[in-house]
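Peer 1: Sequence:
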Amino acid sequence: MRHFDIALLRQLDERFGLWKSVVIPVFVLHCLRPEVYPIVDRWVLTAYNLLSGNPESPLNVFSRTTIDAYLSYQEWWLALLSESGLGPFSSQMNQLKQLDAGLWALGKRAAQISKELTVEKEEHAIGGANGPATVAEVGTESEIFKLRALAFRKSGKTQRQAMLDAAADLGITLKPSYLNYPGSHFERWRKQGLC
15 MRHFDIALLR QLDERFGLWK SVVIPVFVLH CLRPEVYPIV DRWVLTAYNL
65 LSGNPESPLN VFSRTTIDAY LSYQEWWLAL LSESGLGPFS SQMNQLKQLD
115 AGLWALGKRA AQISKELTVE KEEHAIGGAN GPATVAEVGT ESEIFKLRAL
165 AFRKSGKTQR QAMLDAAADL GITLKPSYLN YPGSHFERWR KQGLC
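The sequence shown begins at 15 in my numbering and counts up by one.
Honestly, the hints are just simulated from the structure, not real lab data.
Quick caveat: nothing in here was measured; it's all calculated off a predicted structure.
Every residue, glycine too, gets a C-beta built ideally from N, C-alpha and C.
Watch out, some of these pointers could steer you wrong.
[As the list claims (entries may be wrong)] Have a look at the derived ranges for each label pair, beta carbon to beta carbon:
| # | residue 1 | residue 2 | range |
| --- | --- | --- | --- |
| 1 | Ala21 | Pro102 | 37 to 45 Å |
| 2 | Leu92 | Ala165 | 36 to 44 Å |
| 3 | Ser128 | Phe103 | 29 to 37 Å |
| 4 | Thr80 | Ala119 | 23 to 31 Å |
| 5 | Gln106 | Arg174 | 45 to 53 Å |
| 6 | Arg47 | Gln206 | 29 to 37 Å |
| 7 | Phe103 | Thr172 | 33 to 41 Å |
[To be verified] Computed cross-link-like contacts, BS3-like style, restricted to lysine-lysine with a CA-CA straight-line distance of at most 30 Å:
| # | residue 1 | residue 2 |
| --- | --- | --- |
| 8 | Lys122 | Lys34 |
| 9 | Lys205 | Lys122 |
| 10 | Lys171 | Lys122 |
| 11 | Lys168 | Lys189 |
| 12 | Lys111 | Lys160 |
| 13 | Lys34 | Lys171 |
| 14 | Lys205 | Lys168 |
| 15 | Lys168 | Lys34 |
| 16 | Lys189 | Lys205 |
| 17 | Lys160 | Lys34 |
| 18 | Lys122 | Lys111 |
| 19 | Lys205 | Lys34 |
| 20 | Lys171 | Lys189 |
Kindly produce the complete structure, drawing on both the sequences and the hints.
Peer 2: So this is what it looks like as C-alpha coordinates:
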(Lines of atoms letter the chains of each structure in order from A and count residues from 1; the text may use other names and numbers.)
(Lines give C-alpha, C1' and ligand atoms only; values in the text may rest on other atoms or scores of the structure.)
Protein backbone atom coordinates (compact mmCIF):
# COMPACT_ATOMS: atom_id res chain seq x y z
CA MET A 1 0.00 0.00 0.00
CA ARG A 2 1.72 3.11 -1.21
CA HIS A 3 -1.37 5.29 -1.46
CA PHE A 4 -4.76 5.68 0.15
CA ASP A 5 -7.36 3.33 -1.28
CA ILE A 6 -10.86 3.48 0.18
CA ALA A 7 -11.63 0.17 -1.59
CA LEU A 8 -9.47 -1.67 0.98
CA LEU A 9 -11.62 -0.31 3.78
CA ARG A 10 -14.77 -1.35 1.93
CA GLN A 11 -13.34 -4.85 1.39
CA LEU A 12 -12.57 -5.30 5.07
CA ASP A 13 -15.98 -4.00 6.08
CA GLU A 14 -17.87 -6.14 3.57
CA ARG A 15 -15.83 -9.29 4.04
CA PHE A 16 -16.19 -9.50 7.80
CA GLY A 17 -19.30 -7.39 8.45
CA LEU A 18 -18.67 -7.50 12.19
CA TRP A 19 -18.60 -3.83 13.02
CA LYS A 20 -21.22 -1.09 13.28
CA SER A 21 -18.67 1.55 12.33
CA VAL A 22 -15.42 1.59 10.39
CA VAL A 23 -13.22 2.24 13.43
CA ILE A 24 -11.87 -1.32 13.69
CA PRO A 25 -11.26 -1.81 9.94
CA VAL A 26 -9.46 1.56 9.92
CA PHE A 27 -7.39 0.43 12.90
CA VAL A 28 -6.27 -2.68 10.98
CA LEU A 29 -5.22 -0.59 7.97
CA HIS A 30 -3.60 2.00 10.25
CA CYS A 31 -1.47 -0.74 11.83
CA LEU A 32 -0.31 -1.80 8.37
CA ARG A 33 0.34 1.72 7.00
CA PRO A 34 -0.06 4.47 9.62
CA GLU A 35 1.20 7.16 7.27
CA VAL A 36 -1.53 6.31 4.75
CA TYR A 37 -4.50 5.49 7.01
CA PRO A 38 -4.85 7.88 9.96
CA ILE A 39 -6.31 6.27 13.04
CA VAL A 40 -9.81 7.32 13.96
CA ASP A 41 -11.86 7.15 17.14
CA ARG A 42 -14.59 9.14 18.87
CA TRP A 43 -12.21 11.76 20.27
CA VAL A 44 -10.36 12.36 17.00
CA LEU A 45 -13.68 12.67 15.16
CA THR A 46 -14.90 15.13 17.78
CA ALA A 47 -11.79 17.27 17.20
CA TYR A 48 -12.32 16.96 13.44
CA ASN A 49 -15.91 18.17 13.75
CA LEU A 50 -14.84 21.04 15.98
CA LEU A 51 -11.95 22.19 13.78
CA SER A 52 -13.73 21.68 10.46
CA GLY A 53 -16.79 23.65 11.58
CA ASN A 54 -19.16 20.68 11.61
CA PRO A 55 -21.77 21.38 14.31
CA GLU A 56 -22.58 17.71 15.03
CA SER A 57 -22.65 16.83 18.69
CA PRO A 58 -19.60 14.92 19.93
CA LEU A 59 -22.01 12.55 21.68
CA ASN A 60 -23.39 11.32 18.35
CA VAL A 61 -20.35 11.26 16.09
CA PHE A 62 -18.88 7.89 17.04
CA SER A 63 -21.93 5.73 16.48
CA ARG A 64 -22.22 6.80 12.84
CA THR A 65 -18.64 6.51 11.63
CA THR A 66 -19.16 5.44 8.04
CA ILE A 67 -16.77 4.90 5.16
CA ASP A 68 -17.82 8.26 3.70
CA ALA A 69 -17.19 9.97 7.06
CA TYR A 70 -13.73 8.41 7.21
CA LEU A 71 -13.00 9.48 3.65
CA SER A 72 -13.85 13.08 4.62
CA TYR A 73 -11.67 12.77 7.72
CA GLN A 74 -8.75 11.37 5.71
CA GLU A 75 -8.96 14.29 3.23
CA TRP A 76 -9.04 16.74 6.15
CA TRP A 77 -6.09 14.90 7.76
CA LEU A 78 -4.01 15.41 4.61
CA ALA A 79 -4.84 19.14 4.62
CA LEU A 80 -3.94 19.32 8.33
CA LEU A 81 -0.60 17.63 7.65
CA SER A 82 0.09 20.14 4.90
CA GLU A 83 -0.80 23.09 7.16
CA SER A 84 1.55 21.64 9.79
CA GLY A 85 4.38 21.46 7.28
CA LEU A 86 4.31 17.67 7.27
CA GLY A 87 4.01 15.32 4.33
CA PRO A 88 1.89 12.19 4.64
CA PHE A 89 4.63 9.92 3.33
CA SER A 90 7.71 11.87 4.37
CA SER A 91 6.86 12.55 8.03
CA GLN A 92 8.43 10.64 10.84
CA MET A 93 6.18 8.37 12.86
CA ASN A 94 6.65 10.42 16.05
CA GLN A 95 5.42 13.55 14.22
CA LEU A 96 2.26 11.77 13.11
CA LYS A 97 1.76 10.41 16.64
CA GLN A 98 2.10 13.91 18.14
CA LEU A 99 -0.51 15.33 15.78
CA ASP A 100 -2.85 12.41 16.44
CA ALA A 101 -2.34 12.73 20.21
CA GLY A 102 -3.15 16.44 20.05
CA LEU A 103 -6.36 15.76 18.12
CA TRP A 104 -7.29 13.02 20.58
CA ALA A 105 -6.74 15.30 23.61
CA LEU A 106 -8.67 18.18 22.02
CA GLY A 107 -11.57 15.91 21.09
CA LYS A 108 -11.75 14.31 24.53
CA ARG A 109 -11.80 17.70 26.26
CA ALA A 110 -14.39 19.10 23.83
CA ALA A 111 -16.64 16.10 24.53
CA GLN A 112 -16.25 16.60 28.29
CA ILE A 113 -17.20 20.27 27.96
CA SER A 114 -20.19 19.32 25.81
CA LYS A 115 -21.40 16.85 28.46
CA GLU A 116 -20.89 19.39 31.24
CA LEU A 117 -22.89 21.99 29.32
CA THR A 118 -25.65 19.44 28.69
CA VAL A 119 -25.85 18.60 32.40
CA GLU A 120 -25.85 22.30 33.36
CA LYS A 121 -28.62 22.98 30.85
CA GLU A 122 -30.70 20.09 32.21
CA GLU A 123 -30.07 21.12 35.81
CA HIS A 124 -31.12 24.67 34.96
CA ALA A 125 -34.28 23.30 33.37
CA ILE A 126 -35.07 21.35 36.54
CA GLY A 127 -35.24 24.56 38.54
CA GLY A 128 -36.59 26.59 35.59
CA ALA A 129 -38.97 29.54 35.42
CA ASN A 130 -41.97 27.54 36.65
CA GLY A 131 -40.25 26.32 39.79
CA PRO A 132 -38.69 22.93 40.46
CA ALA A 133 -39.55 20.14 38.09
CA THR A 134 -41.58 17.18 39.24
CA VAL A 135 -40.19 13.69 39.41
CA ALA A 136 -42.21 12.85 36.29
CA GLU A 137 -40.37 15.59 34.37
CA VAL A 138 -36.98 14.32 35.55
CA GLY A 139 -37.45 10.59 35.15
CA THR A 140 -35.34 7.74 33.99
CA GLU A 141 -35.73 8.82 30.36
CA SER A 142 -34.29 12.28 31.02
CA GLU A 143 -30.78 12.92 29.79
CA ILE A 144 -29.74 14.29 33.18
CA PHE A 145 -30.52 10.97 34.86
CA LYS A 146 -28.62 9.04 32.21
CA LEU A 147 -25.59 11.33 32.33
CA ARG A 148 -25.53 11.27 36.11
CA ALA A 149 -25.71 7.45 36.17
CA LEU A 150 -22.92 7.31 33.59
CA ALA A 151 -20.79 9.69 35.67
CA PHE A 152 -21.25 7.51 38.76
CA ARG A 153 -20.35 4.43 36.70
CA LYS A 154 -17.20 6.09 35.38
CA SER A 155 -16.19 6.92 38.94
CA GLY A 156 -15.86 3.19 39.60
CA LYS A 157 -19.28 2.24 40.95
CA THR A 158 -21.15 -0.82 39.73
CA GLN A 159 -23.89 -0.25 37.18
CA ARG A 160 -26.54 -1.03 39.80
CA GLN A 161 -25.03 1.35 42.35
CA ALA A 162 -24.62 4.08 39.72
CA MET A 163 -28.35 3.79 38.96
CA LEU A 164 -29.25 3.94 42.65
CA ASP A 165 -27.06 6.98 43.30
CA ALA A 166 -28.34 8.88 40.25
CA ALA A 167 -31.93 8.14 41.20
CA ALA A 168 -31.31 9.22 44.81
CA ASP A 169 -29.73 12.49 43.67
CA LEU A 170 -32.73 13.32 41.48
CA GLY A 171 -35.50 11.90 43.65
CA ILE A 172 -36.49 9.24 41.12
CA THR A 173 -38.09 5.93 42.00
CA LEU A 174 -36.60 3.25 39.81
CA LYS A 175 -38.56 0.45 38.18
CA PRO A 176 -37.27 -3.02 39.09
CA SER A 177 -35.76 -3.52 35.63
CA TYR A 178 -33.27 -0.72 36.28
CA LEU A 179 -31.89 -2.57 39.29
CA ASN A 180 -32.31 -6.15 38.05
CA TYR A 181 -30.82 -5.50 34.59
CA PRO A 182 -28.78 -2.30 34.77
CA GLY A 183 -26.42 -3.41 32.00
CA SER A 184 -29.19 -3.38 29.42
CA HIS A 185 -29.89 0.28 30.16
CA PHE A 186 -26.22 1.25 29.98
CA GLU A 187 -25.97 -0.61 26.65
CA ARG A 188 -29.02 1.26 25.31
CA TRP A 189 -27.49 4.59 26.34
CA ARG A 190 -24.22 3.59 24.66
CA LYS A 191 -26.13 2.94 21.44
CA GLN A 192 -27.73 6.38 21.85
CA GLY A 193 -24.23 7.87 21.90
CA LEU A 194 -24.20 8.98 25.53
CA CYS A 195 -21.21 6.84 26.61
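Peer 1: Indicate, hint by hint, whether the structure satisfies it.
Peer 2: Okay, the hints, checked on the actual structure:
{"no.": "1", "hint": "Ala21 to Pro102: 37 to 45 Å", "result": "violated, 18 Å"}
{"no.": "2", "hint": "Leu92 to Ala165: 36 to 44 Å", "result": "holds, 37 Å"}
{"no.": "3", "hint": "Ser128 to Phe103: 29 to 37 Å", "result": "holds, 35 Å"}
{"no.": "4", "hint": "Thr80 to Ala119: 23 to 31 Å", "result": "holds, 25 Å"}
{"no.": "5", "hint": "Gln106 to Arg174: 45 to 53 Å", "result": "holds, 48 Å"}
{"no.": "6", "hint": "Arg47 to Gln206: 29 to 37 Å", "result": "holds, 34 Å"}
{"no.": "7", "hint": "Phe103 to Thr172: 33 to 41 Å", "result": "violated, 48 Å"}
{"no.": "8", "hint": "Lys122 to Lys34", "result": "holds, 21 Å"}
{"no.": "9", "hint": "Lys205 to Lys122", "result": "holds, 19 Å"}
{"no.": "10", "hint": "Lys171 to Lys122", "result": "holds, 22 Å"}
{"no.": "11", "hint": "Lys168 to Lys189", "result": "holds, 22 Å"}
{"no.": "12", "hint": "Lys111 to Lys160", "result": "violated, 34 Å"}
{"no.": "13", "hint": "Lys34 to Lys171", "result": "holds, 28 Å"}
{"no.": "14", "hint": "Lys205 to Lys168", "result": "holds, 17 Å"}
{"no.": "15", "hint": "Lys168 to Lys34", "result": "holds, 24 Å"}
{"no.": "16", "hint": "Lys189 to Lys205", "result": "holds, 21 Å"}
{"no.": "17", "hint": "Lys160 to Lys34", "result": "holds, 23 Å"}
{"no.": "18", "hint": "Lys122 to Lys111", "result": "holds, 16 Å"}
{"no.": "19", "hint": "Lys205 to Lys34", "result": "holds, 10 Å"}
{"no.": "20", "hint": "Lys171 to Lys189", "result": "holds, 20 Å"}
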